[in-house]
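Colleague: Below, each chain spelled out in residue letters.
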Amino acid sequence: MWFRVRLAAVILLLSCGLDAQVTYDRLLKAANEPQNWLTYSGGYSSQRYSLLKQIDTSNVRNLELKWILPNQVFGAWQSSPLVVDGIMYVTQRPNDVLAVDAKTGRVFWQYRYTNSPDARVCCGSNNRGVAILGDTLFLGTLDAHLVAIDARSGRPLWNVAVGDPGLGYSLTLAPLVVKDKVLVGMGGGEFGIRGYIAAFDARTGKEAWRFHTIPGPGERGHESWTGDAWKTGGGSVWVTPSYDPALNLTYWGIGNAGPDWNPDQRPGDNLFTDSVVALDADTGELRWHFQFTPNDAYDYDSVQIAVLADLNWRGTPTKTMMWANRNGFFYVLDRTNGRFLRGNPFVQVNWASGLDETGRPIRTPQPDGQPTWPGNQGGTNWYSPSYSPRTELFYVSTWEGYASIFRKEPVQYVPGRNFGGGGGRVLTPVPGAPGVRIGRATPINNWTDAVGHGTVMAIDPRTGEQKWKFEQYDVTDSGILTTAGDLLFTGGREGYFHALDARTGALLWKASLGGQIVNGPITFAIDGKQYVSVISGNSLVTFALRE
Amino acid sequence: MVVATAGVQLVAQDHPGQYTQADIDAGTRVYNSQCAQCHGPNGDQISGIDLRQGQFRRSSSDEDLSRVIREGIAAVGMPPFALQPAELTGVIAFIRAGFDRTAIAARVGNPVPGRALFAGKGECATCHRVNGTGSRVAPDLSDIGAARTASALQQALLDPSSVMMPINRPVRIVMKDGKTIVGRRLNEDTYTVQIIDDHQQLLSIAKADIGRLVVETRSTMPSYAGKLTPEELSDLVAYLLSLKGA
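Quick mapping for you: the protein sequence lines, in order, are chains A and B. Okay, so the first sequence: first residue is 1 according to my numbering, each after it adds one. Okay, so the second sequence: first residue is 548 according to my numbering, each after it adds one.
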């Protein structure tokens, strides 16, 4: 009897949200509390897969709109919300944080951060979300500060400078909390930065370790640079890492080399640009690396999310990492040591004829003025893929039939100025025809699929084979969510929100939300009811089953 | 060298409405030595003028440009330039080529007879509309002069399919119920297509109802090569170039 009373009291406490402390243990076991969405990718393995299955293939057609939260600022809304015990934390441009009742969309508080006028970003005032530990949220800012915010009051607790915004350093990624540390990586790959990853004490903001993505003299990998090119070598980080607690390794996708398009100014492989690095979570020590695109001439940032899964690999249980890269190849690596297990193109590729037995590309640069596939924005890009342990398929948004004509030109480094060294022009069927751009700002598609289109692709990681493909007319920058209800949720630039059968790719339901969807949907539950949220244009939209 | 000269002559003979490569090359030198100091390397250094994009304050035809260069504009401090005829032709060719030495530079004639050609002999208004007059079947041209260079307009008249924008490709839709719709797309997405049909009706069609959607890459517009004299062609280009919208 006493036990029952105590249990009831605990349940009451939980439901009142008084015990909302997000311990590291809860982050470790995030998958076991699918009513919440506790990290950027829904858990350390970054599968963006939820055990929730109230909404499934049989009833998804009964989804209805529950609430809309309009953004107060304009521009691509790339944030991925967290949901903690009924409260949603979402960022909006440039560096606002909102605490929202996830059931109704009503706002508890709003934190506004004023950036330094020195802040500069290549591609919009983007922020992709916050991290949480205990009762504290962590926000990276465009002027390269890391800010701790009280999750209940929205008041700042501490604020530390992580980089010099005047030199182009910025923070746009959602941080990742591991144990008692907050981990971030620096953006600014178009400004000739020397990128780095750093960890901060979650309580004080004191820097615990720093890893330079461009190794300096005496550091491992420095031999892949010539002269002083490493000093402006780029290697930005702008997407949240993954983490394997058993190996205590964090996995980071590293951005392009600087200057972006002129590899002649930086002879060598240019480590660790366009690579994945595995860093010890406690010390930042480099354990291994794998480079996807050596001496990159195409701006093929490897800022994709490392998707971790334990697969039966040719009869042996293997800790793998799946990676559909911007360069057009899909890779499977052994995440204990970075060993290349297999790889193959998932879209048309002509900058390389294939991969050798170590996974290194066999490069086939195209003559000047000739198109390169995939184009500048890649076969895929930063938006999150997904892996469903139920279907054992890897899902990714791709750009097909899309090429760029690249040009390289000498560029001198000027601190804080763009350090591109050329550019890429979208291949169009006639001169002067509109091509796809980095984002979509118009309801009219006058570029048409003649310059490329988007798909959702389901890939069997064991073979690299495409199992099915869902075609879209415009390209897509949407992330992907899969669920134990065998559903796949995704969007695209056209503003449709699609629910597909994760096994077959069949369209089961869609809603025309109108605005471009430029990050992945999430799912959560409150009072036993499953919700799905997605950001379209300037609106955060939440659906659940009709009562 | 001989071969190159022969090539230039061939090009000139093939396209009498165009400037030659030699003209453009000569113009490049003149521009860089005489004009770039004020107009800038990209031709956009003076407010309201973008020579490369064909945006002028006072000129539309080649003759207008020639007069401004020869006589100058005292009111704004542009001096007169005493250029040799070949130099004058060259600098206009360079401007018409969009500062691109490898581009085609079309001759731009007189927009007044060009307007008459548009409505009359050219029968352009049968399909196109300008400032409220003409058909909506083909794209409205009221601001085409702000969106296209002289060369692109000339190319569209001589070989329409070669420069037809993908969105303007003619579509033929056979509905599942057998009905056929012919028109031009205004917009398209994964599930729907919006068109203006050959009766000038706006239609939004669900792709689920479509049996077959054929997008043609050949334009339905006739070529004017051989149908207009070089002078008429340059006049029509001049008229189209003068259409800058409201």
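Hints listed in this document are in silico derivations from the structure and should not be mistaken for laboratory results. For glycine and all other residues, C-beta sits at the position ideal for the given N, C-alpha and C. Honestly, I wouldn't trust all of these hints.
Said to hold, decoys possible - Think about it this way: if two alpha-carbon atoms lie no more than 27 Å apart in a straight line, the pair counts; the simulated DSS-like pairs of lysine-lysine are: (1) A/Lys103 <-> A/Lys29; (2) A/Lys469 <-> A/Lys529; (3) A/Lys469 <-> B/Lys754; (4) B/Lys754 <-> A/Lys510.
What the hints assert, rightly or not - Under 8 Å between C-beta atoms, here's a sample of chain B residues computed to sit facing chain A: (5) Met711; (6) Met712; (7) Pro713; (8) Tyr738.
Unchecked claim - Some chain B residues flagged as far from chain A (calculated, every beta-carbon gap over 10 Å): (9) Gly624; (10) Gly679; (11) Ala693; (12) Ala699; (13) Ile714; (14) Asp744.
Colleague: Now look at each hint and say whether the structure bears it out.
Modeller: Hint check results:
1. A/Lys103 <-> A/Lys29: holds (23 Å)
2. A/Lys469 <-> A/Lys529: Distance ~31 Å between A/Lys469 and A/Lys529 Cα, so the pair is violated.
3. A/Lys469 <-> B/Lys754: holds (18 Å)
4. B/Lys754 <-> A/Lys510: holds (14 Å)
5. Met711: At 6 Å from the nearest chain A Cβ, B/Met711 passes the 8 Å test, so the hint holds.
6. Met712: holds (5 Å)
7. Pro713: holds (4 Å)
8. Tyr738: holds (7 Å)
9. Gly624: holds (33 Å)
10. Gly679: About 22 Å separates B/Gly679 from the closest Cβ of chain A, which puts it past 10 Å; holds.
11. Ala693: holds (13 Å)
12. Ala699: Incorrect as stated: the minimum Cβ-Cβ distance to chain A is 6 Å, not above 10 Å.
13. Ile714: violated (4 Å)
14. Asp744: holds (18 Å)
Checked against the numbered hints given earlier, the structure breaks hints 2, 12, 13 and satisfies all the rest.
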